[in-house]
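Engineer: Given these sequences and hints, build the entire structure.
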Amino acid sequence: MEVSDLELVQQCLSGDSDAFSEIVARYKKLIYSVVYNMMPDKQEVNDIAQEVFIRIYKSLGRYNPEYKFSTWSVRIATNLCLDMLRKKKINSVPIEEIGDTSSSTDTPEANYIKNERSRQIRKAIEELPEKYRVPIILFHQNGLSYEEITKVLNEPMTIVKNRLYRARLMLREKLSSIREEEVL
Amino acid sequence: MNCDAYRDLMMMHFDGNINDVDFARLKQHMNACASCKSEFMQLESILNSLEEGEIAEPPSDFESQVMTRIKTLEQNKNRNIEALIYGIPILIIISLPAILLFRFSGSRILDMAINAFEYLLPYPGASDVINKIVALLSILASRMEKTMIQLGMGFIKANQEIIIGLIAVLFVVEWMFVALVKRSWRRAAE
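Protein sequence lines, in the order shown, are assigned to chains W and P. Just so you know, the working numbering puts 24 at position 24 of the first sequence, and the rest follows in order with no gaps. Just so you know, the working numbering puts 64 at position 64 of the second sequence, and the rest follows in order with no gaps.
Incorrect hints may appear among the rest.
To be verified - With a straight-line Cα cutoff of 16 Å, these simulated EDC-like cross-link-like pairs (lysine to aspartate or glutamate) come out: (1) LYS29/W <-> GLU57/P; (2) LYS161/W <-> ASP61/P; (3) LYS28/W <-> ASP61/P.
It should be emphasised that the hints constitute simulated quantities derived from the structure, not laboratory data.
Structural biologist: Next up, the structure:
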């Protein structure tokens with residue numbers, strides 16, 4: 001029978017730090033992809049994802065079982081990412097290597113266009129203010145539900161919904177202005 | 001219904017939360033309204049490519065990387081506790097004779113020193129413990145020969161400044177020692 005998240009947490013708290021290894025195994029994919037989507041510099045992703053688990057480990061005592069463990073850990077992850085981004089806001093965002101989304105069946109031209117497009121979208125997302133950026137990443141990239149996002153952000157449903165709507169429209173606006181520049 | 005209302009339907013569609021009737025109404029409106037249609041197409045293309053985006057996979061040794069860092073963390077925590085366990089008795093042993101001398105000299109400086117302890121020591125309540133030890137020892141000491149005490153008092157009163165200086169130096173040296181030991185432990189662990 002599978003041990004529940006709460007039981008694992010209790011085992012960790014009673015001094016069995018190996019139980020934490022199981023927690024990491026369960027949530028590494030989720031946390032890793034949240035960090036991946038939040039951080040523009042992909043080279044930092046592994047370090048930050050590790051740091052998220054260290055923070056989770058240190059705050060296990062404050063885990064509230066009313067939340068799903070996944071929601072709680074995503075909350076820690078997004079908070080850490082936002083902290084990191086705020087700290088190095090002054091430093092410019094590095095130019096990303098193109099080609100990481102290519103699939104072998106596409107022609108080089110189609111590939112280039114596709115990559116260029118996803119690069120522009122990522123950049124547009126990075127430029128969104130925090131409060132719009134986080135919901136759009138969590139909903140559209142990480143596939144979290146509204147319910148989960150309200151808990152991660154600790155905001156009521158109406159606010160989350162409004163921000164997500166606004167964020168989509170802001171993205172469209174940004175990207176359509178890029179397209180116009182390219183045409184001119 | 002105006003375009004704003006249809007935009008709400010659009011959003012419900014991208015939420016994945018629209019019923020067939022509303023979606024049919026939206027499609028009908030977009031056939032008539034070019035600006036809504038282009039907005040819809042643009043949004044759909046953006047959000048689709050967002051959702052298609054590559055899936056990031058953690059490296060296969062991710063757990064062991066995290067667990068190594070956690071073991072180090074635990075060791076450091078234990079070492080900090082060890083530093084306290086060794087450090088505090090040493091501090092008390094070194095400072096006690098000096099504190100005792102001051103109690104007999106009737107100086108207010110003792111209280112100040114004990115208060116200062118509270119800021120120096122990393123856990124609260126330490127000064128209470130020290131106070132109790134001092135009180136106990138002074139009861140013992142009061143049973144000693146009166147003359148011995150008087151002799152000692154005379155000595156202390158004559159050399160008060162030197163003794164204050166010595167205690168201060170002892171405090172600083174001991175504190176630096178504890179800090180150094182802790183730091184070298186931490187370095188060794190990294």
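Engineer: The structure should be examined with respect to each hint, and the outcome stated for every one.
Structural biologist: Hints versus structure:
1. LYS29/W <-> GLU57/P: 6 Å, holds
2. LYS161/W <-> ASP61/P: Violated, because 38 Å separates the two Cα atoms, which is more than 16 Å.
3. LYS28/W <-> ASP61/P: 11 Å, holds
Hint violations for this structure: number 2 only, all remaining hints satisfied.
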